[in-house]
Amino acid sequence: LVLFHAYTKWSIIVYRNIFVVSLSVADLVVAVYPYPLVLMAIFHNGWKMGDMHCQVSGFIMGLSVIGSIFNITAIAINRYCYICHSLQYDRLYSMKNTCCYLCLTWVLTAIATVPNFFVGSLQYDPRVFSCTFAQTVSSYYTIAVVVIHFIVPLLVVSFCYLRIWILVIQVKHRVKPDNKQKIKPSDLRNFLTMFVVFVLFAVCWAPLNFIGLAVAINPMKVVPQIPEWLFVTSYFMAYFNSCLNAVIYGLLNQNFRKEYKRILLTLCTPRMLFMDTSKCGTEGMKSKPSPAVTNNNQAEINFI
Numbered sequence: 002l003v004l005f006h007a008y009t010k011w012s013i014i015v016y017r018n019i020f021v022v023s024l025s026v027a028d029l030v031v032a033v034y035p036y037p038l039v040l041m042a043i044f045h046n047g048w049k050m051g052d053m054h055c056q057v058s059g060f061i062m063g064l065s066v067i068g069s070i071f072n073i074t075a076i077a078i079n080r081y082c083y084i085c086h087s088l089q090y091d092r093l094y095s096m097k098n099t100c101c102y103l104c105l106t107w108v109l110t111a112i113a114t115v116p117n118f119f120v121g122s123l124q125y126d127p128r129v130f131s132c133t134f135a136q137t138v139s140s141y142y143t144i145a146v147v148v149i150h151f152i153v154p155l156l157v158v159s160f161c162y163l164r165i166w167i168l169v170i171q172v173k174h175r176v177k178p179d180n181k182q183k184i185k186p187s188d189l190r191n192f193l194t195m196f197v198v199f200v201l202f203a204v205c206w207a208p209l210n211f212i213g214l215a216v217a218i219n220p221m222k223v224v225p226q227i228p229e230w231l232f233v234t235s236y237f238m239a240y241f242n243s244c245l246n247a248v249i250y251g252l253l254n255q256n257f258r259k260e261y262k263r264i265l266l267t268l269c270t271p272r273m274l275f276m277d278t279s280k281c282g283t284e285g286m287k288s289k290p291s292p293a294v295t296n297n298n299q300a301e302i303n304f305i
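Those letters in the sequence shown? Residues 2 to 305, by our numbering.
A couple of the hints might just be wrong.
[Stated by the list, open to error] With a straight-line cut-off of 20 Å between C-alpha atoms, the simulated SDA-like cross-links for lysine to any residue are:
(1) K185 with Y162
(2) K259 with S187
(3) K222 with S140
(4) K222 with Y141
(5) K222 with I144
(6) K262 with G251
(7) K173 with L189
(8) K97 with I78
(9) K185 with H86
(10) K49 with P127
(11) K222 with S139
(12) K262 with L245
(13) K185 with D91
(14) K173 with S187
(15) K173 with H86
(16) K49 with P37
(17) K222 with A135
(18) K49 with V129
(19) K185 with K97
(20) K173 with Y162
(21) K262 with C244
(22) K173 with C85
Note that these hints are calculated values from the structure, not bench results.
Make the full structure from the sequences, and use the hints.
Right, here's the structure in full:
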């Protein structure tokens, strides 16, 4: 639904919310290949697809997970620049720069995932019926994964959103309003939506990462003490996060709710749906608003 909404509004949103679209791609990619293999493993009560499929599905899962946290980090930095450094936003997030940032996000994601092949950490785990990152292969590598893939992005995103919250509070309690620091209600709603996305991601992934960190620090002592149900619950809770973002957008963003309703109501009439899609694309070519906040006005983000 998120990607279809982005497609119907693509020529209008252009690069304003490209990281939100990228996050949706990261969430969706696991459903295309790894999850069907997990279902087959559950059906056969074991992995019957061979080592190659095991390695590829584990790699794609890694791309999805790391891609999600890196895109969430990119969104937080984007929101921080948009709200806290509005005068420089147009220069920092031009079309060319935004595309470079997006490419950099996925290049870093690939670089962070590839070492799994050399360490041999992608293994089938019968507890969760999937090929996934084995926390016990290398203590140093597991610690590096948790720090680089979870803790550092968590600190960066926390800093960005903390600075935004401070600015929001300052503007709210300011006696004399300053037009340069004025925050539109739509911008605040969009910020809150992405903040909830971040909080839920942190909550869903924290248990599995902390288990991995504990195992890496003292594997001989910790591994026997971790109940299987705790690991399985934390694992599926982490991967369930991929399903939550679209729900959050629908609950907190009016534009998404309207688009979801339109898509669902027209599923039985595909002709009407694609007519609407074509119409949106034509209108978008006629009018392409800028995402920038200038000295004279502030752009309103309608997509998210």
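Check your understanding: Keeping to a limit of 20 Å between CA atoms, is the pair of K222 and Y141 held or broken?
Key -> It holds: about 16 Å lies between the C-alpha atoms, which stays within 20 Å.
Check your understanding: Hey, K222 versus S139, does the alpha-carbon distance stay inside 20 Å?
Key -> holds (15 Å)
**Study point:** Given hint P37 paired with K49 - CA-CA distance at most 20 Å
**Key:** holds (13 Å)
Check your understanding: Going straight from one Cα to the other, do K262 and L245 come out at no more than 20 Å?
Key -> OK: K262 and L245 at ~18 Å, within 20 Å.
Check your understanding: K222 and I144: Cα distance at most 20 Å?
Key -> Since the Cα atoms of K222 and I144 sit roughly 16 Å apart, the hinted pair holds (cutoff 20 Å).
Practice item. Would you check the hint for K259 and S187, treating anything up to 20 Å between C-alpha atoms as holding? Key: holds (16 Å)
Practice item. Take a quick look at whether K185 and Y162 sit within 20 Å of each other, Cα to Cα. Key: holds (17 Å)
Check your understanding: Given the hinted pair K173 and H86, is their alpha-carbon gap at most 20 Å?
Key -> Roughly 17 Å separates the two Cα atoms, so the pair holds.
Review point. Keeping to a limit of 20 Å between CA atoms, is the pair of K97 and I78 held or broken?
Key: holds (17 Å)
Practice item. Verify the proposed pairing of K49 with P127, using a straight-line Cα cut of 20 Å. Key: OK: K49 and P127 at ~12 Å, within 20 Å.
**Study point:** Pairwise hint evaluation, K97 against K185, where the allowed Cα distance is 20 Å at most
**Key:** violated (26 Å)
Practice item. Starting from K173, check that the Cα of L189 is at most 20 Å away, please. Key: holds (12 Å)
The structure is inconsistent with hint 19 alone, although it conforms to all the rest.
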